[in-house]
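Could you use the hints to bring the two separately framed chains together as a complex?
This is what each chain is made of:
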Amino acid sequence: MKLLKSYCSLAVILALLLILGCKKETPIPSPETGNLVLKINYTFNNQKLIPDSLIFRTPTGYLVSVSRLEYYLSGFKIGATNTNNWNYLNGLKPEGNTLLLTDLAPGDYQSIQFSIGLIPELNQHGKISGTFENNQMIWPTEMGGGYHFLKFEGRYKKEERNPGGYAIHLGTDSFLIQHQALPVQFSIHKNQTDTLHLTMQVEEWLSLPWPWDFEKDGNYTMGISEAMKKVMQNGNKVFKVD
Amino acid sequence: METRYLKWISFGLLTTIVFGLAQCKKEIASTEKVYAPSYYLPELPQGYPPLINSEKNPLTKEGEKLGAYLYSDPILSSNGMTCTSCHQPALSWSGPLYVNPKGIKTSVPIHLNLGFRTVFNWNGSAPDLDLVAKGDFEPEFFNTDSNELKLKLQANSLYQGLFFEAFGVKKVHQLTFDSIKTLASYALAQHLRARIAKPSTFDLYRQRRGTITPEIYRGMLLFFSEKADCFHCHMEPMYCDNSAHNNGLQDNHEGVDKGLELVTGKASDRGKFITPTLRNLSKTGPYMHDGRFTTLEEVIEFYDSGIKNSETLDPIMFKRHEDLKLNLTQQDKADLVSFLKSLNSLEE
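In order, the protein sequences belong to chains G and W.
For the first sequence, position 149 (counting from the first letter as 1) is numbered 134 according to this note's numbering, and the numbering increases by one without interruption.
Just so we're on the same page, this note's numbering is the position in the second sequence counted from 1, plus 1042.
Bound-form chain W, shown alone (with noise of 0.2 angstroms):
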């Protein structure tokens, strides 16, 4: 409480001074720009959690304009490569399965409503969404030269204002490597984090300002009850829960299938994945950490009767059945594939 009205104090101080300053300046030079950057939170849909603003990178319009140009723009790789190379507007920005150089196979997640989120990448390994997108500029992604890197941003009057703009760093270019790749880094979070999804049929529904078919009535009975028992980690309206759970594909864990375990090092972290959204799923497949399925029909037969016991094995899994199985009937598999594409947004 104390340091939070001392940050506003000093937020209100520095500011009459920025302005003071300014008032100062504008005798001298009345050209220069002043770094004013508006602070804001998106508009969130009805029933969602509040969004989780970062402390260090509060979310403005400029900084998420300046991540908006980064996110599509390949000025901040030396192989012409952006993060549209994978995460592809047209498929919800998420995209077809990624194989590394050691032919290693990771889903491309999808880049929607990540400002809900307190956790990221498949097994949890980053914590902080603020400082994702500096692992792209590794080889194996962007591959980026920072000198080429600092040349691109001088010569690039757009990019010295967005960056000012956005952070008050008047030539972006003139700070460390680290320092521009963190800066990027912000503003492409900033970006995300605004990334709202757009309604669904299910949300419309929900909101009583549609309706949805007997199919979909059906999967959706089904997925919020103990019978097919989807929501207790997959709930409405993020379909995702911010933690890591064992769903049972498979009862030995080698590599990168150990998942959390690699992360933490326990061994009861074993196997363990943080649960993804199930918005737009029509377009993010294939489905899993490894992409392992190609077709929510598979999804849906997997939870059926493959799921696959170990120790680590969340206990949700277990229902009431020994044998692991949901014994759903053909009817029930085809309204929870109804049911998942009830989800789908109805605009992008």
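Next comes chain G alone, as it looks inside the complex (with noise of 0.2 angstroms):
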């Protein structure tokens, strides 16, 4: 029992050293850069959005309700610095609401900006991961290839009339959003992670240029260009920096 004992800690402290001496070989190299949080709320009309309810009034006076409010962010630019971060984000999942930006230079910064979508070189089939998430955001193929920019799907009412439903959906190059620059003082500091809270106004989808009228300008984007080119103009101001 005795000799047992010995030899199973002997064999502890040989594992130990064991890890302790792989560590010593691979260190790892400080970084020279740090990173940033972005933390997204969602709102409409400056009211918290809560899903699946149709209790949120359009400008054009629908009641419209949100079921599905899913999207990438990339092509980051941190003052004028371009950065190769991109992200998947879900407005209705907790877990979906927050990206992190690695390896950006530490410094002081004025502004912020990206896209909304996935920007040319990563909108093909493969290039971003396999994900049961990314596979159904894919824009098929036989529609032109890459992936959803943006599904935004709920339901919308107009006086006593049945609800309707709506899919707006966003895809292929030609209609990514260039999201206005946002302005925002905030710092990046080495081997820190900063956070930076921006609200998407959801409500700015149906507003200006386009105030949306589902009855005239269609309840369904997807593959009409005409009905993208607007979503797309909607949609280059739907983030404010809170």
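Just so you know, these hints were derived from the structure itself, not from any lab.
It cannot be assumed that every hint is accurate.
What the hints assert, rightly or not - Computed list of lysine-lysine pairs in DSSO-like fashion (alpha-carbon distance at most 27 angstroms, straight line):
no., chain 1, residue 1, chain 2, residue 2
1, W, Lys1308, G, Lys33
2, W, Lys1269, G, Lys215
3, G, Lys143, W, Lys1308
4, W, Lys1308, G, Lys142
5, W, Lys1300, G, Lys142
All values derive from a computational prediction rather than experimental measurement.
Put into structure tokens, the structure is as follows:
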């Protein structure tokens, strides 16, 4: 028994030594960069966005609910520096509301800019990881390929008519949304992760320059260039800094 | 991150200790078997998302093997039933309509590619594949008597060995009934996770290893475009989306037809069901949660002109059409059926 005990503790020590020894040979370089977490809130007319609730009033007088709000952000520009980060986001799921920008040069910055959707280098099947979520966002080859930039869906209702359904989808390179630069003072610190809070004002998708009338502008945009162009133009100012 | 590290370290230490112990033991009794499961992941076809392995029940060759034995063995039941009584191998592990003692009809789901799913049962009532099979010991299914099961396991040296190799338990019959059910369910889940669909005609076409007929091609264009718009919920390569939708089967929902609402209690989930895969449809009828359609032609007819509006109807079902109709021609409908059949695996 005693022999066994000492044998085992020796094994433990050996294992520990081995682990520590290995570590020494491949030291992790101390990063010269910092990270930034973006936390995104979702509001509709300044109210917190509640999924599946037919309670939000659009500028054209419809009541709408939101049952899906999925999109990508990519093409980040921090100050004058481009970064390679991109992320899938889901406005209706708590785990889908933050994204991490890595390897940023330390310093003080005055603005952040990004695209809603995937920049052309990423917008091809297989260019981003084949997770279940990313696969669900595929824009079929038969319709031009790449990924959905945005899936924004729900129900709408005007007066006493039966509620209809809308599916505002955006995809293909020419409809990538260059979101306007957001002016904000923030700093990136070496070896640290700083946080910035943004809000998506969901009603903006249906506001200016194209106040959306489901009965005239349609309730379905996928593959309809004219409709997708309007969505693209409405979408370039949906975010603000908190 | 931190905990993962710790896990690995402790795993390493444990292995060392087990190894050390085994070495020490060898001097005393060299015939004793060592618990050393082989962790593995099955090879996946091109374009598949990563398999969702279970942290508490990671896939091992031995666990999968035990699951494969249990799946078709009446040892777990007290009425001679096996998983394969309902999930029949010749029907892609689905089966004829199941009617419970209360007369409620449920279509038996296919057991294929379950390792990519995050939610189970038609209405989404089961979030954990590892535990789904625990429900099968109930009177409605296996009606398992705990003492009878323990005696059967005690007398069975094959299963004694398989349980040891899979989970390191020496005398499985000495565990509590609940623990036995859990381990059996774990092994069955491993077996199901490892069961990956064999390639279909359409898979081979996508991988540029095969061709499709003009009918299938036209059906594909309908399926993957706004015309029929099936892909938003049934996206390849899984043809399902791990989420629940009301696809418009009816406009009022009573009893089991309430679907996900029975699980979440939310009226906004009324009539929603988890999107099923469309692989091997030729073998998995009848279709929909209650098996209301017997043929794929009926299914297509429903999507073309049978959609019923209700407060929770999925927005995608409205397409561009006020009247909820797809306006497919007879040719379109036949082409869609041809496309669906091209998703059948070429071998089991």
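Agreement of Lys1300 of chain W and Lys142 of chain G with the hint, judged by alpha carbon distance not exceeding 27 angstroms: Satisfied, since the Cα-Cα distance of roughly 23 angstroms is no more than 27 angstroms.
Restraint check for Lys1269 of chain W with Lys215 of chain G, where alpha carbons must lie at most 27 angstroms apart: holds, 22 angstroms
Distance restraint between Lys143 of chain G and Lys1308 of chain W, which requires alpha-carbon spacing of 27 angstroms or less: holds, 24 angstroms
Lys1308 of chain W paired with Lys142 of chain G [C-alpha distance capped at 27 angstroms]: Distance ~20 angstroms between Lys1308 of chain W and Lys142 of chain G Cα, so the pair holds.
Restraint status (C-alpha distance of Lys1308 of chain W to Lys33 of chain G at most 27 angstroms): holds, 19 angstroms
Hint compliance for this structure: no hint is broken.
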